[in-house]
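Could you put the whole structure together from the sequences, leaning on the hints where they help?
In this text, residue positions in the sequence shown follow my numbering: the first is 8, and each later residue adds one.
By construction, these hints were calculated from the structure, which means they are not laboratory data. All clues given are correct.
Using C-beta positions, here's what the derived DEER-type ranges look like:
#1 T83 with P54: 18 to 26 Å
#2 V155 with E211: 12 to 20 Å
#3 L181 with V155: 12 to 20 Å
#4 A87 with P54: 14 to 22 Å
#5 A189 with R31: 27 to 35 Å
#6 R152 with T83: 21 to 29 Å
#7 G105 with R40: 26 to 34 Å
#8 A149 with P170: 24 to 32 Å
#9 P123 with D71: 32 to 40 Å
#10 V222 with R94: 29 to 37 Å
#11 R31 with A188: 21 to 29 Å
#12 T130 with R152: 17 to 25 Å
#13 E172 with E135: 31 to 39 Å
#14 G32 with G171: 18 to 26 Å
Ideal Cβ placement from N, Cα and C applies to all residues, glycine included.
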Amino acid sequence: MAGIAVIGANGRIGAAVVAEAVERGHRVTAVVRDPARHRGATAAVLPGDVLRPGDVARVAAGQDVLVSAVGGGDATGHRALIEPAARSLIEGLRSLGGDAPRLIVVGGAGSLETAPGVRGWDTPGLPERVLEMMHAHGAALAYLRTVVDVRWTVLSPPAELVPGERTGRYRTGLDQLLGDAAGRSWIPVPDYAVALVDEIEQPEHIGERFTCCAV
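Structure (structure tokens):
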């Protein structure tokens, strides 16, 4: 049983991660800006702002894993939140020294390769707002790849992260966009959460980004 704090637990991905981890018997703390709005079944709910390193350190202290599932909403929100949040997370965890928990960050798909040397954000015709969101996640990943003193992992979703039922079946890769047997790059949100909690229980990607997809 691990101690897991999930920042952004009110979002659809954060809520799914909380539900999956609770179901497996982990000690889960939901970290949200407004605890009164949280409805998940967790052992604890704490207030916290991912952009405040002091808050990060406070909610991470004593945990085994810190999950960041924050989302920026529109393009402006992503630009203002995603890469700054990565820096704040690292600053907060660094303040805990050797007691800092492992960090797992919900990433984006835009930086995944769709062909050798070609990334998702190179696809012609993408709206500017989509490109901004993709590059916000790309900037956060680029920053995390410079970090060697905090144990971090980024889990990028496939092209489509959709509502659906939990199957517990998925496959993983590293920097290439994955597709299922029919070539569709997608996964239900509950199975994305399965992949993330599996990584908590059986670490295989410390210090790197990986991705997952429905089979």
